[in-house]
Structures are given as C-alpha cells and as structure tokens.
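**Student:** These are the residues of each chain, in order.
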Amino acid sequence: MKRYLTNPKFLRSALPAASLLVLLAAIFYIQPRAMSQFGMNLMLQYAVPIALATIAQMFIITVNDLDLSIGPFVGLTACIGATLLNTNPLLGVLALLACIAAYAALGALIHWRNLPSIVVTLGMSFVWLGIAVLVLPTPGGTAPDWVKAIMSFKVPGIPFPLIAAAIIAVVVHFALMRTSYGAVLRGAGGNPKAIGRAGWSLLKTKMIMYAAAGFFGVLAGLSLIGLTSAADAHIADRYTLYSIAGVILGGGEFVGGRVSPTGAVLGALTLTLTGSFLIFLKISPDWQIGAQGGILILVLALRALINRREAQA
Amino acid sequence: MEDSKEMFKKTLLGSVALTVALSAGIASADTSDKKIALSNNYAGNSWRQAMLKSWDKVTSAAVKAGIVADAPAFTTAENQVTEQASQIQNLILEGYDAIVINAASPDALNGAVKQACDAGIVVVSFDGIVTEPCAYRIAVDFAKMGEIQVDYLARRMPKGGNLLEIRGLAGVFVDDEISAGIHKGVKNHSQFKIVGSVHGNWAQDVAQKAVAGILPSLPEVAAVVTQGGDGYGAAQAFKAAGRDTPLIIMGNREDELKWWKQQKDANGYETMSVSIAPGVSTLGFWVAQMILDGKTVPHDLTVPFLQIDQDNLEANLSNTEAGGVANVEYSLEDAKAAIK
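Chains as they are written, first to last, in my numbering: chain V, 112 to 424; chain X, -13 to 326.
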C-alpha cells in the first residue's frame, strides 16, 4: 500500500486533486463562511466556463498544437449567445455551428499547409475579437432565459458547479481516454507517424479535435453569459492563458497526447480558487497576479520533482 | 419567591436597556460594525491612482472615527469582466455589508451584482456604472460637461467666433458623449462655429501633435473646447505655430492649471477648467454608508463636476499634486448635499 502511494505515477496523477484539496482546506480555514453550498456556489461558479475553455484547449494540446485564440473565441460565442441566439434562435444556432465549422477548417488548414498553430491562432484571435465587436459593438445584450436557467440550476446539498465539473470530466474522459478512436486521437498528437502509417487520416483527426475545441468553446461562451446575463466582446480575453494554465496544472504536457481531462477540470477549479484564496488573504492587488503565478510555479515544481523520481525509478 | 422577584427585576431592567439601545440605534448613525468594500477594475492612470488614494484617505479616517468597521479597496489586475465578477462574489462571501463598484462593463457584471443584492448587500456603482436595477448609480453627465464649456464661452464672447474641438479617444463612449454635448452647445449658441476637430486621446503630447497638424489649415480660432488632459498640449501647439493663444478650456490636470496660472500672472489670461474629481469614489463610500444607515437614497445620482474658475485657481492648484488631477474628497455632509 505504502509503495503504491509513493509510486511517482500515482503521485503525478494525484497532484491536481491534491493541490485543489489543499487550496480548498486553506480557504475554509481563512474564511469558514465559504464552507457552505452558497459559498461553494459563489466561489466556483466561474470555474464552469473556465473548465469548458480548458477542455477546449486540452483538445488542441492533445494534437500537439496550442490555441492562442480560445479567449476571444469564447468572447465571440458569448456575444452571439447574448444577441442572435436570444432574438433569433435559429440564426443564433447556425452562427454558433458556423463558429465550430470555422474551428474545424482551421485544423484542416494547419494540417494541410503544415502551419505553426501558434501563429494561425494568434492571428485568428484578432479575427474573433473583430467579429465579436461587430456582433455586439457596446457591452450589453441579453442571455437567453434557458441558458440562465441551466446555469442557476440548484440541486439540494451539492453545489451546482461541482456537478457540472464532474459531468464535463466524466464525459470527456470517457470519449477521449476510454474509446478506441479516442486512443487514435491522442496518438495523432503523441506519435503522428505511427498513426498515419496505421492508415488513419491525420487530417480527419486534426479536424475532429479542432471541431471539438470549437464546440467546447461555444459551451464556455454560453455558460459564461448564463452567469453574467450579458456579454462584452472582451469578456473572456483572459481565458486563453487560464485554459493553458489549467491544462498544465491538471497534468497535461506540451508534447502531444499526454493530457488528462479530469486533471484539466481540476486545474480549472484550482485556478479559480486561487483568486478567491488571495482575496481572502487580503493580499494587496499589486501582488495578487504575482502570487497567482507563485502558486502555479509551486505546483509545477512539485510535478517536476515527481517526474525526476519517476525517471530515476 | 425571593428568586422570582429578583428575576422579574432583572428582566425588567433588561428590557428597559434593550429598548434604550434600540431607540438609540434608530436615532443615531450606527454603522460602526459594517464593512464596505471597493471593487475597482483598473488602476493604470493618474486619475485612478488619485481615486484610490482618496478612497484610502477618507475611509481610513472613517474607520478610525468608528463610523464603519472596515473599508478596504480591491483592484483587479487586468481590467477583465470575469475577474471582477469573481472578485465581487468573493466579497459577498467575505461578508461585506456594502460593495462600491467602479465597473469594467455596464452590463456584464449584472449577474454578480444581482447575487450581491440577493445576499442583502448594498451595491453602489460610480464612474463605471452597472445597469442592474437593484444597484445604485453615481453617473457622470458627460454631455453636460461638453455643453457647459460652450455656455461659458457664450458668456465670455457674446459675439462668438471659430472653435477648435479636441476630442478624446475614438470609439470610447465618453468621447462621443462629451462631443455630442459640445455640438449641442454650439447649436444653442449659433454665434459659434466648429472649424476643426482632432483627436487628442486625453493626452497632452497627442493633443499637441494633432493641433499642430491641423492649425495651418484653420482660420483664426477664438477658443478651443476640450475633454481634459489636452489643454496644455493645445497651448504649446499654438505657441509653436506663432499664433495668438485662444481661450482654451482646461481639464483640471496639474500641467494645465500651472500653465493657466503662468498666463494669468503674465497677461491676465482668463478661462475655466472642468472635469470629474477622482474623489467621487468617496462619494460612493458615503452613499453606501448612508444606505446602510437606513437613509433613503435615489437609485440614480449624478456626479457634480469639479469646476475651477479664475478666482479659485490658486487654491485648487496648490492642492493638486505634480502630474496629478485636481481633486476633492467628499465628507458625509458634502455627500448629503450632493444627493439632494
């Protein structure tokens, strides 16, 4: 038992959950009021869109790419959600589907021309932002009632964000880690040559992963306006970095194929809670962003330590 | 028997004490156990820095005087809606009784603001206001700020003349509002005509370059209408072009007031200066305190302008820090007067 617990492999997969639990314990210690369904709901609400954006980023990282446009993309879908989807649902759904199709097309373009994803997505981030400003020139709009209803759904006893996070993690884990085609998709990032030689279409895997990222980006945008009730073209600019940090905190790596959906969701929850933790600690705002980075470095240093032990073993 | 008598006495005493305490609570301000937080979205310019400094100065005095228990300020790192929304949610959890907000977005924080209201928290927004009906708003009438400039010019120059308009940052609603006010003023006083319009981006260097660029194409300019932070640059451009200095409306910046003072001493130059005092954050604080105190306050308030005239120029200049903005901090009495 003890050997199993100190096994580096186990330690590495337990690290995301452990950092979340430690952070949660620290928050409950500083601010006991947070230890209630109301408190957890408030603290973790904004973790739901971040978790969805993190999953979107994870799909891209799985195929060994990086998406620098997911933040503005979520902002665009939020703007569409708060305008078209509310006033003209059919047109709204079509626009959101077009967004997903555009993501799939990006995947195809990146594969076909062998372009660096960082450059393409960095460029696209301005395109998404531009369209978002066109759709909603000044902050405002109204989220459709059904979106708001879903996001304010209450289950007695359990905070809704935790249920949502669990559903996201389980669904994506099953699709990506437990199905045979999921293994192909991961392999396309980890060892594309082998997957290609085995007869799978790499173009198709890339398009599917980009489309999945687009789909989760749309979900992130809709869940976000479900919380805020209105949109703003810049509403999710920070999500690009949050999502990357979430994937990495959750045990993912930039080498393609090495990702963990559960870890990514836990990473998103951890990131959201760091903000609360620093506010409860009453750390001066000038230091907060630095302190947030400090916590990230701490977790990553722990992982590097575990990795080293794994290499020795 | 003796015991029950004693007890009766004690109960009676207790209830008398309670009644006294209760009536005292109603009669006088008792917000001494209340906590008010400032949620601020941005701190990256001199106006915002002055705003935070004013908040700190007035609230720490109020805490010391026992008017409120605590009044810290929280600023988000990157002027992001989602960041400020979770900040507000954390403040709800912290158990603040009121939250004063300078918001990153008028609409997108409504979800969090509603949650605060539902938790029984008083929400007061100022400068960057929120549209959620349950919150209080201390708004700035930017159009009026443009209009009173032309009104002033009409008093000074009954015959009228040509105007040069310096605008702010293109695409920001504040710029549109002030400009609309100026144009409305020109409509009311038809003796004035706007002969040129440039964007000065509320910065002296940008304004100077823009004015220098348009000056050669302009006829004689009688006055310059501005948005603040651009008057000094305009004056420099006129000087460099070797043209007579027109009447330039100032915007309460220290460099503008200093230039005005020099001109006043040298040749009796006369103008006026108008802007919003960063100390409006302290008006937000007192409004929140008054609401917690049980006073009735209208949900929509307008910030009074800080106008500087020829005779109070020296007093305002001496109170303004180098590189800063003329400021006033509100006292409880000022705030009471302002909401009437």
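Hints are computed from structural coordinates only; laboratory data are not their basis.
The model shown is predicted, which means the values in this text are computed figures rather than measured ones.
We treat Cβ as the ideally placed atom computed from N, Cα and C, and that holds for glycine.
Errors might be hidden in some of the hints.
[To be verified] Taking lysine to aspartate or glutamate pairs in the EDC-like style, the calculated list, with each CA pair at most 20 angstroms apart, reads:
| no. | chain 1 | residue 1 | chain 2 | residue 2 |
| --- | --- | --- | --- | --- |
| 1 | X | K281 | X | E64 |
| 2 | V | K393 | X | D251 |
| 3 | V | K393 | X | D127 |
| 4 | V | K393 | X | D279 |
| 5 | X | K170 | X | D230 |
| 6 | X | K21 | X | D295 |
| 7 | X | K130 | X | D279 |
| 8 | X | K50 | X | D104 |
| 9 | X | K43 | X | E64 |
| 10 | X | K145 | X | E163 |
| 11 | X | K100 | V | D256 |
| 12 | X | K281 | X | D295 |
| 13 | V | K393 | X | D295 |
| 14 | V | K393 | X | D162 |
| 15 | X | K326 | X | E307 |
| 16 | X | K145 | X | E206 |
| 17 | V | K259 | X | D104 |
| 18 | X | K20 | X | E307 |
| 19 | X | K50 | X | D83 |
| 20 | X | K39 | X | D295 |
| 21 | X | K145 | X | D42 |
| 22 | V | K265 | X | D104 |
| 23 | X | K170 | X | D191 |
| 24 | X | K145 | X | D56 |
[Claimed, not checked] Some but not every residue of chain X turned toward chain V, in silico, with C-beta under 10 angstroms:
| no. | residue |
| --- | --- |
| 25 | E80 |
| 26 | D83 |
| 27 | D295 |
[What the hints assert, rightly or not] Every beta carbon over 10 angstroms from chain X, so not counted as near; a handful from chain V, in silico:
| no. | residue |
| --- | --- |
| 28 | G252 |
| 29 | L338 |
| 30 | T373 |
| 31 | F391 |
**Student:** Taking the hints in turn, state whether each one holds.
**Tutor:** Structure-based check of all given hints:
no.	hint	result
1	X:K281 to X:E64	violated (35 angstroms)
2	V:K393 to X:D251	violated (49 angstroms)
3	V:K393 to X:D127	violated (34 angstroms)
4	V:K393 to X:D279	violated (26 angstroms)
5	X:K170 to X:D230	violated (27 angstroms)
6	X:K21 to X:D295	violated (38 angstroms)
7	X:K130 to X:D279	violated (32 angstroms)
8	X:K50 to X:D104	violated (30 angstroms)
9	X:K43 to X:E64	violated (24 angstroms)
10	X:K145 to X:E163	violated (26 angstroms)
11	X:K100 to V:D256	holds (15 angstroms)
12	X:K281 to X:D295	violated (34 angstroms)
13	V:K393 to X:D295	violated (42 angstroms)
14	V:K393 to X:D162	violated (38 angstroms)
15	X:K326 to X:E307	violated (31 angstroms)
16	X:K145 to X:E206	holds (14 angstroms)
17	V:K259 to X:D104	holds (16 angstroms)
18	X:K20 to X:E307	violated (32 angstroms)
19	X:K50 to X:D83	holds (18 angstroms)
20	X:K39 to X:D295	violated (25 angstroms)
21	X:K145 to X:D42	violated (47 angstroms)
22	V:K265 to X:D104	holds (16 angstroms)
23	X:K170 to X:D191	violated (28 angstroms)
24	X:K145 to X:D56	violated (55 angstroms)
25	E80	holds (7 angstroms)
26	D83	violated (14 angstroms)
27	D295	violated (35 angstroms)
28	G252	violated (7 angstroms)
29	L338	violated (5 angstroms)
30	T373	holds (23 angstroms)
31	F391	violated (7 angstroms)
In summary, the numbered hints that this structure violates are 1, 2, 3, 4, 5, 6, 7, 8, 9, 10, 12, 13, 14, 15, 18, 20, 21, 23, 24, 26, 27, 28, 29, 31.
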